[in-house]
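Fit chain B to the supplied structure of chain A, relying on the hints for placement.
2 protein chains.
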Amino acid sequence: MLSASTIINTSVENPSGENLGKIEELMIDLNSGRIAYAVVSFGGFLGIGDKLFALPFEALKVDTINEKIILDVDKETLENAPGFDKDNWPDVTEHAWLVDVYSYYGYPPYWT
Amino acid sequence: MLSASTIINTSVENPSGENLGKIEELMIDLNSGRIAYAVVSFGGFLGIGDKLFALPFEALKVDTINEKIILDVDKETLENAPGFDKDNWPDVTEHAWLVDVYSYYGYPPYWT
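First to last, the sequence lines map onto chains A and B.
Numbering-wise, the first sequence is residues 1 to 112 according to my numbering.
Numbering-wise, the second sequence is residues 1 to 112 according to my numbering.
Bound-form chain A, shown alone (with noise of 0.2 Å):
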């Protein structure tokens, strides 16, 4: 276990240790006290400063000893992720765009 604050500013990396960004949030379904999914800024891998990107937290493997979080996704992969701007968040009752995020990274949905 690790306490939300630890895991938000977290560094995240690709199984070889390059970095990719960090964890900005962690978005919390209220019904069910579930991480619906976690908010990652990816602005110095994809050069890309303002996009945000959704990902299930099952693609996140935490490595509580080395503090780090390790994301297994190609790079072609992410630079065609569902992102949206950081000053444009997406409307939370769009379930259908939740689905499109899980299913991009081939996770089922957690509510199904």
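Any given hint could be a false lead.
As the list makes no split between identical chains, a pair holds if one copy fits it or if it spans any two.
Claimed, not checked - Below, computed lysine to any residue pairings styled on SDA-like, alpha-carbon distance capped at 25 Å: (1) Lys-86 with Trp-97; (2) Lys-22 with Met-1; (3) Lys-51 with Ala-81; (4) Lys-68 with Thr-93.
These aren't lab readings, by the way, just hints derived from the structure by calculation.
Just chain B, lined up with the frame of chain A:
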């Protein structure tokens, strides 16, 4: 949905609107992506500022319109609730401790 950062520091009230305290932290179960428990301080209400309390997230009803959290637990229950010192958080590997927390508030553990 709400961000973890928004939930943290939100005021906790009883159903009569009396202030009980606030959310200090959300502890995340890394295996399941669920909130294992919320950490709440009841400093103002119980007069024990250095003690923190673990609560099942289900026990907390988020009022997104009024930006507060409702906890429908009577004062006697809170006074005798399982808590810990703010400088001595529970060992998260002690699953039995979390079983007791869920049991105390009458919720089945989410992992069973």
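(request) Could you check the structure against the hints above and give me the numbers of any it violates, in ascending order? (result) Going through the list in order, the structure violates no hint and respects every one.
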